[in-house]
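So the sequence lines, in the order shown, correspond to chains Y and P.
Positions 1 to 330 (the numbering used here) are the ones given, in order, by the first sequence.
Positions 331 to 701 (the numbering used here) are the ones given, in order, by the second sequence.
Among the hints, erroneous ones may be present.
[As the list claims (entries may be wrong)] With a cut-off of at most 27 Å between alpha-carbon atoms, the simulated DSSO-like pairs for lysine-lysine come out as follows:
| # | chain 1 | residue 1 | chain 2 | residue 2 |
| --- | --- | --- | --- | --- |
| 1 | Y | 199 | P | 504 |
| 2 | P | 565 | Y | 175 |
| 3 | P | 435 | Y | 199 |
| 4 | P | 540 | Y | 150 |
| 5 | P | 540 | Y | 175 |
| 6 | Y | 107 | P | 449 |
| 7 | Y | 107 | P | 515 |
| 8 | P | 490 | Y | 199 |
| 9 | Y | 161 | P | 565 |
| 10 | Y | 107 | P | 490 |
| 11 | P | 549 | Y | 175 |
| 12 | P | 504 | Y | 161 |
| 13 | P | 449 | Y | 175 |
| 14 | P | 515 | Y | 149 |
| 15 | P | 435 | Y | 175 |
| 16 | P | 435 | Y | 117 |
| 17 | P | 540 | Y | 161 |
| 18 | P | 515 | Y | 93 |
| 19 | P | 449 | Y | 150 |
| 20 | P | 435 | Y | 149 |
| 21 | Y | 199 | Y | 107 |
| 22 | Y | 117 | P | 449 |
| 23 | Y | 93 | P | 565 |
Note that these hints are calculated values from the structure, not bench results.
This one's a predicted model, so the numbers in the text were calculated from it and none came from an experiment.
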Amino acid sequence: MATAVSLQAIIGSIASQSPSNSKASLFPKEPFNLPIKFRQNRCFKIEATTASQTPVLDTLLSPSKTTTTPHKKKSNEASLILIRHGESLWNEKNLFTGCVDVPLTEKGVAEAIQAGKRISTIPVDLIFTSSLIRAQMTAMLAMTQHRCKKVPIILHDESEKAQTWSHVFSEETRKQSIPVVAAWQLNERMYGELQGLNKEETAERYGTQQVHEWRRSYHIPPPKGESLEMCAERAVAYFEDNIQPELALGNNVLIAAHGNSLRSIIMYLDKLTSQEVTSLELSTGLPLLYIFKDRKFMRRGSPVGPTEAGVYAYTKRLAQYRQKLDESLN
Amino acid sequence: MSTAMSYQSIYSFVSQQSSTISQSSRQPLLLPTKCLKIDSSLCYYTSRRKRNLSKIETISSQISVSYNTTLLSPSKNIIPDNSQKKSNEAALILIRHGESLWNAKNLFTGCVDVPLTEKGVEEAIEAGKISNIPIDVIFTSSLIRAQMTAVLAMIQHRRKKVPIILHNESDQAKSWSQVFSEETKDQSVPVIPAWQLNERMYGELQGLNKQETAERYGKQQVHEWRRSYDIPPPKGESLEMCAERAVAYFEENIEPKLAAGKNVMIAAHGNSLRSIIMYLDKLTCKEVISLELSTGIPLLYIFKDGKFMKRGSPVGPTEAGVYAYTKVRHRFYCSTIFVFFEFSVLDGSLCLQRLAQYRQKLDESSEVICS
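Work out the full structure, taking the sequences as your base and the hints as a guide.
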C-alpha cells in the first residue's frame, strides 16, 4: 500500500488545494475559535432519529437475513461524495427557500447531469438525500450518467404498507440496485418566516442589519427558523448515526443535499470552527470527494470530468474500480 | 359537441396536424387494427360511491383566484352572466411518466421507486407542451418517476408558476415547509403526492424480468395476471384493486377541485391513469384492459356541468394550426385502436373559447413574464 499512500499524497495535494475546484475556503486553523463539539446538549426537541443498527444495504439486499452476525467489512477504505443541488426555481427568483419543496430549473437539471459525469467512475453503493425533491432529482439525474449502470431505488418506510409495497423480489435485481435513503435531517436549513420572501421584502420587513445577522451568524435563527448551529446539529447527528457506519463497513456513499446541511457535514469532516463554516461556500453541482480511511476523512477536492486531462486516481482502489469499468466496456 | 361525443369509443389520439413538432417527439404507436365491440352485457365500471355530482362540495363562487380572474377576464366572455361567477369548467390533464430505468431493463416495476432514464427525462420535458393549458393544482403518486415528470413538464409552463410539493407526513414536515409570502403563494402551484395514484402493486413480480417470471410461474399464469381485470399476482393488486383506490381518490380529492373550477394536472402511471380514464370515459372492464396509454403524451379533458369531455392531446406551442380546438378538420391517429378518421371539432362551447383566450393572454404577456 506504500505506493498507494505516496500516490495519494501527490494527488491529494494537487486536488485539494486548488480553490477554484471546490470553492471551499480552507482557513488556517486559528486557536481563537475551538472546533464545535456536537451533540453536547441536544436541547431542540426535533423528532428523535432512530439510529439504524442495520446497515441499509443489507436491508435492501437480503431483507430476510437476520442481523445478528457482525457485518463483514468490504474494504478498509470508502469514498464519500457530496453534491449540492443546482439552481432551483426559487434560487432563480431570488427567494429564500429553506425547507419549501421547490424543484430544479432547467439549469439545475443540467448541473445535476454534469455532476453525474464527474462522478461516473467513482463507486457508489448507497445514496443519502434530503426529503426535498431538488436534492433527490439531483441524485437521480447524476446517477443516469454513472457507468456502473446500477439502478437507484428510493426506500420507502413512511408506513408498513409503503415498505411492503416497495419490496423487490429478485436477488439479481437487488444486487444491481443502489438504495436511496431520503432523510429530512439532510434538508436545507429551515428558514422560518423568511421562507418565500425575497431579499427586498425581508429587508423591508425586518431591516437590513437583522437579515444580515441571520444569514451570516452561526447561532442566531430567523423567526421560527433554524440557526446554522441547529441545522448542523441534526445533520451531523444523522451523519454520525447513519452514514458513517456505512463508510466504516467500506460502503461508498453519495450524499445529495443542500448548502447548509452539507456545510454542516463538512464542518464535521474537516473539523472546522464556527467562524470558518459561516464563510464556507459550496459550489452547486460540483461534487466533492472524501476518502474515509482509518476513521479519518481525507478531502480529495472535486473529481475531474471524464474529458478533462490529468491524473485521475485518488487512491489505488479507485483506480482499480475505474479500470474494471473500462474493461467491462470492451 | 355531438360529433366529439360519438367518438367515445376511441380511447386516445394524438394530433398529427403539424409536422413542426420538435425532432425528439415520438411517432404515435401504430399497433394492428382491432375492432372493439362494445358489449353492453359486460360490466361497466361502477363507482363505489354514488356519482352524484350535486353532492360534491363546491367552493363558493365568491372566492376569486387572482390567477383566474386576471387571465380569463370573465366579463369579456360570450356568456353574459359570467362576470361574477368563477369559470364553471376546468381542464384536466393526465400524463403518464416516461421511461424508467426498469422499463429500460424490462423488469416489472410496480410500486418500487425507480427513477427515470435520460429518455424519460426528455419525455417529461417534451410533455411540457401543455404550457398553454392553465394549471392550478397538480396531483402525483408518491413515486419519484411521476413527481419528476410533473415538475419537469412544468419547467416549460409559460406562466412561470412554481410547483411546490406539499409535505404532510408529520406536523414538523408541514410547519417546516410553510411559505410566508402571499405574493409567492399566488405564484405557486401546489403539488400533492398521493400513494393512491401509485402504479398497480405487482407483488412478488416486482423486480423480476419477464423470463424469470415465466420460469417461476409459467407463461400462461403470467399472461393471465397481466391481461385480466380481477386476478392479482401473488401478494399484489389486480387492476380492479388498483382502480378502486385510484378512482376513489380521484372522486374524493380531485373531482371537487375540478368542480370548483380549478385546472388540474395528474402525473401518474399506466394502471392508475387507466383506472381514472375508465371512470372518466365510462369504460367496461374489457375495454380498459386493452387501453394503452402512451408515455409522456398529455391527455386533456374538459370538465363541465359534471361531465368529462375528452379533448385528445394538446398541440405544442410551436405547432402550426389553430390552437387545437376550434372549427378545423383534424386528422387523428388513434394510438390504441388505430382507426383513421376525420372529424370536425365544433367550437360552440365556452371552454374552447376560454382556452383560446388564455393562450392569447399568454402571448400578449410573454414579453413581461419571460424576462
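A quick look at each hint next to the structure:
Under the criterion of a C-alpha separation no larger than 27 Å, the hint pairing residue 199 of chain Y with residue 504 of chain P is consistent with the structure, at around 24 Å. A distance of roughly 22 Å separates the Cα atoms of residue 565 of chain P and residue 175 of chain Y; the hinted pair therefore holds under the 27 Å criterion. For a cut-off of 27 Å, the pair hint linking residue 435 of chain P to residue 199 of chain Y is broken: about 47 Å separates their Cα positions. With a CA separation close to 19 Å, the supplied pair residue 540 of chain P and residue 150 of chain Y stays within the 27 Å bound.
Restraint check: the Cα-Cα separation between residue 540 of chain P and residue 175 of chain Y comes to about 18 Å, which is no more than 27 Å; the hinted pair holds. Pair hint residue 107 of chain Y plus residue 449 of chain P holds up; C-alpha atoms about 18 Å apart against a cutoff of 27 Å. Distance check on the hinted pair: residue 107 of chain Y and residue 515 of chain P sit about 23 Å apart at the alpha-carbon level, within 27 Å; holds. Proximity of residue 490 of chain P to residue 199 of chain Y is assessed by CA-CA distance (about 20 Å); at most 27 Å being required, the pair is judged to hold.
A C-alpha spacing of about 12 Å is found between residue 161 of chain Y and residue 565 of chain P, which places the hinted pair at or below 27 Å, so the restraint holds. Restraint check: the Cα-Cα separation between residue 107 of chain Y and residue 490 of chain P comes to about 15 Å, which is no more than 27 Å; the hinted pair holds. Taking the CA atoms of residue 549 of chain P and residue 175 of chain Y, the gap is about 25 Å. The hint holds against a cut of 27 Å. This hinted pair checks out: residue 504 of chain P and residue 161 of chain Y have alpha carbons roughly 22 Å apart, not beyond 27 Å.
Between residue 449 of chain P and residue 175 of chain Y the CA atoms are separated by roughly 24 Å; this keeps the pair inside 27 Å, and the hint holds. Straight-line distance between C-alpha atoms of residue 515 of chain P and residue 149 of chain Y comes to about 40 Å, which puts the hinted pair past the 27 Å bound. As the CA atoms of residue 435 of chain P and residue 175 of chain Y are separated by approximately 14 Å, the hinted pair is consistent with the 27 Å bound. Simply put, residue 435 of chain P and residue 117 of chain Y have alpha-carbon atoms about 21 Å apart, close enough for the 27 Å limit, and the pair holds.
Between the alpha carbons of residue 540 of chain P and residue 161 of chain Y the distance comes to roughly 25 Å, so the proposed pair stays at or under 27 Å and holds. For the suggested pair residue 515 of chain P and residue 93 of chain Y, the alpha carbons sit about 13 Å apart, so the restraint of at most 27 Å is met. Distance hint between residue 449 of chain P and residue 150 of chain Y is fulfilled; the C-alpha atoms sit about 16 Å from each other, no more than 27 Å. This hinted pair checks out: residue 435 of chain P and residue 149 of chain Y have alpha carbons roughly 11 Å apart, not beyond 27 Å.
A C-alpha spacing of about 22 Å is found between residue 199 of chain Y and residue 107 of chain Y, which places the hinted pair at or below 27 Å, so the restraint holds. For the proposed pair residue 117 of chain Y and residue 449 of chain P, the alpha carbon gap of about 16 Å is at most 27 Å, so the pair holds. A threshold of 27 Å between alpha carbons decides the hint, and for residue 93 of chain Y with residue 565 of chain P the separation of about 47 Å lies outside it, so the pair is violated.
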